[in-house]
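Residues per chain are reported as follows:
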Amino acid sequence: MHFDYANVLVFMALGVVLCALMMGLGALLRPSNPERAKLTTYECGEEVQGDSWINFNIRFYLVALVFVIFDVEVAFIYPVVAVFKQWVADGNGLFALTEIVLFVGILVLGLVYVWVKGDLQWIKTVVAPEDPARRSAVAGDE
Amino acid sequence: MSLINSVPEMVLTTKVDAFLNWTRKSSLWYMLFGLACCAIEMMQTGGPRADLDRFGMAPRATPRVSDLMIVAGTLTLKMALRTKVLYEQMPDPKYVLSMGSCASCGGLFQLAYSVCDGVDKIIPVDVYVPGCPPRPEALTEGLLLLQEKMMQEKWLVRSSTPATA
Amino acid sequence: MDTQAIQRKLEAAFGGVVGPVASGRVESWIEVDPDRIDEVAAMLAGDADTRFECLSNLSGVDYPAHGHIQVVYNLISYTHGHELTLKVNADRDSPEVKTLSGVWAAANWLEREVFDLLGVNFVGHPDLRRILLPDDWVGNPLRKDYVEAPDYHGISTIRESMLRIDLPVKD
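Quick mapping for you: the protein sequence lines, in order, are chains A, B and C.
Residue numbering for the first sequence follows numbering that gives the first Met the number 0, starting at 0 and increasing by one per position.
Residue numbering for the second sequence follows numbering that gives the first Met the number 0, starting at 0 and increasing by one per position.
Residue numbering for the third sequence follows numbering that gives the first Met the number 0, starting at 0 and increasing by one per position.
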């Protein structure tokens, strides 16, 4: 039967039980004094000013997105590689090759697009806008 | 849900209490609250020669993860308000060590208009270490004294004077 | 240029605004009117013969017996190597002195300190507010007639003095 997977089950169970044990023991043994002052936001002792939500730079999102797309592409290529030899032996080698080349080709088009748009550059230069009405909005940013 | 101050006093439970106190005193993370010259001696006490890390004491910058607040230096009235906020933001169980004469009683600057005469005017202090500044050996002795005090505390065992604030 | 020469130059340019060279035990100084100090300073900083690029120190002294608060300026010239001390006497009841933050950038914070501790109003200062004491502090501690408040935000400032010396402590 599938007793190999019992290993995984034991490890999962052990992980859950150990964590629960540690945290449960801690909750039993530690003092709990939630006071209003204790639950305030830490700002080096000062009064909290402003919001803690900040705007993240869009570069992080773009890099992550590009990475995910090409990582998934590589993940899709692995099964093709696994059966490629068998397909060549069956005489369908050219078909398989064309299909995988088309697949990679479409994604390379996407890569070229991202490249040209400058999303692969980490350091981006700021171009001052020509419109004076927009210029004041940009100056207030950051 | 918590077992604090609820267990009857027997040999086993006092041993558990002693064990818990031992775990706490062996891993006393202190908040670096260096305000003036005593801070330099505190840094050196944490340094390689008079090592504090051998007692398990690690310096922390934020009150959120520290057990002990070493107030090292002169406390001005301007800083006193912030010190109180930082003390309140430390999670229990927390301890305060007043290092040097300025933190204990205002020290040299007792008569100044801007100095708060002693940190115990705003927060409860466990150990006072006199000196101007106290040598690393003196601060270490103060910390060992604090460890002895921690070993006497009763957390789980039911007592009329529980350790909880 | 020595102080006498500088004083002659200033007197030629400004007339009665600038006083004669006064000598103390250690150094000599020139007294200037408080509402013309900025012009005098601008001339001292810009003129090729004097060239005082550096405002080394700006401090205030309270003289209640004389009825004025004195602001002392120490100037240093790197090009010529000479130094100068200027003194300005402002009326104690409402001390007003022209600001020098336009001439030397260092004057900005130094004047804030004198404002904080002595209460001197520097006319034309871009950002005159307390710098050392908390923003809600009442009074100017370095004045000789300063009386401490009994507490600050609930923290008592009354000292239980253990000293057996007759010092003026509160109660």
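I should point out that these hints are in silico values taken from the structure, not numbers from a laboratory.
Yeah, the Cβ is synthetic: ideal placement off N, Cα and C, and Gly gets one too.
Be aware that one or more of the hints could be misleading.
What the hints assert, rightly or not - DEER-style ranges, computed between Cβ atoms:
(1) A:Gly23 <-> B:Gly46: 53 to 61 Å
(2) A:Glu46 <-> C:Glu26: 44 to 52 Å
(3) A:Ser31 <-> B:Ser26: 40 to 48 Å
(4) A:Ile105 <-> B:Ala57: 27 to 35 Å
(5) A:Met22 <-> B:Ser5: 14 to 22 Å
(6) B:Leu31 <-> A:Trp52: 27 to 35 Å
Hints, one by one, checked against the model:
no. : hint                             : in the structure
1   : A:Gly23 <-> B:Gly46: 53 to 61 Å  : violated (39 Å)
2   : A:Glu46 <-> C:Glu26: 44 to 52 Å  : holds (46 Å)
3   : A:Ser31 <-> B:Ser26: 40 to 48 Å  : violated (19 Å)
4   : A:Ile105 <-> B:Ala57: 27 to 35 Å : violated (54 Å)
5   : A:Met22 <-> B:Ser5: 14 to 22 Å   : holds (20 Å)
6   : B:Leu31 <-> A:Trp52: 27 to 35 Å  : holds (29 Å)
This entry does not satisfy hints 1, 3, 4, going by the numbered hints stated previously.
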